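Colleague: For reference, the chains in residue letters:
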Amino acid sequence: SQQGEEDPQALSIQEGENATMNCSYKTSINNLQWYRQNSGRGLVHLILIRSNEREKHSGRLRVTLDTSKKSSSLLITASRAADTASYFCATDAAGNTPLVFGKGTRLSVIA
Amino acid sequence: GAVVSQHPSRVICKSGTSVKIECRSLDFQATTMFWYRQFPKQSLMLMATSNEGSKATYEQGVEKDKFLINHASLTLSTLTVTSAHPEDSSFYICSANSGGWTDTQYFGPGTRLTVL
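Keeping their order, the protein sequence lines are chains A and B. For the first sequence, position 11 matches number -2 in this note's numbering, and the numbering has no gaps at all. Residues are numbered in this note's numbering as their position in the second sequence, beginning at 1, plus a constant of 27.
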């Protein structure tokens, strides 16, 4: 069953602005990951944050994890038109177990 | 990094025919592979877990006789959609990891199935 819920479902911003997407989950996790998917294409792995980590950075990406609230956020700073895509969070309960994906946020960055 | 391939990338078939999709781990051995399905504008939903040398484990609501999974080797899992119907049209994505407590799953590029 799907346990991740992202909000907002859709987000439209101007180029240069920051985009924040949130993800909530229901059960205990081992890791939480964020993926990007361009329309009709495969998944691109963005970042993984472990359950014992609270914040992680990668380039223009910043991910936070609050296990007490069972939530995570993905911040994309200084957005670009090329960031337009759907973004999914995914959790796993342990190694070698399937990922449970959230419903995704459709981000549109307008040039 | 590890690479997972899928073949074909796109397939169009007539209703009632069967379609086989291959998922290969190119530079590592995958004891477990996962098959997901994604309908338009929706998220990925796990269909089944493919285990090398044993029967696949299917998620609730996924018909095992319709979606045949064979994980015959440590680098190949196949998903066969039997007697495909238009409602089976979807994006099928596989993922693999090398087992144990590896954190990262490597996703294939997906297969777009269109059933006419």
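Source of the hints: derived by calculation from the structure; they are not laboratory data. On a predicted model such as this, the values are computed, not experimentally measured, just so you know. Note that beta-carbon positions come from the ideal geometry of N, C-alpha and C, so glycine has one too. Take the hints with a grain of salt, since some may be wrong.
Here are a few chain A residues that face chain B, going by a calculated C-beta distance under 7 Å [as the list claims (entries may be wrong)]: (1) Pro(-5); (2) Leu(-2); (3) Arg23; (4) Asn25; (5) Pro85; (6) Phe88; (7) Gly91.
Colleague: Determine which of the earlier numbered hints do not hold for this structure and return their numbers in increasing order.
Modeller: Numbers 1, 2, 3 and 4 - these are the hints that the structure violates, sorted from lowest upward.
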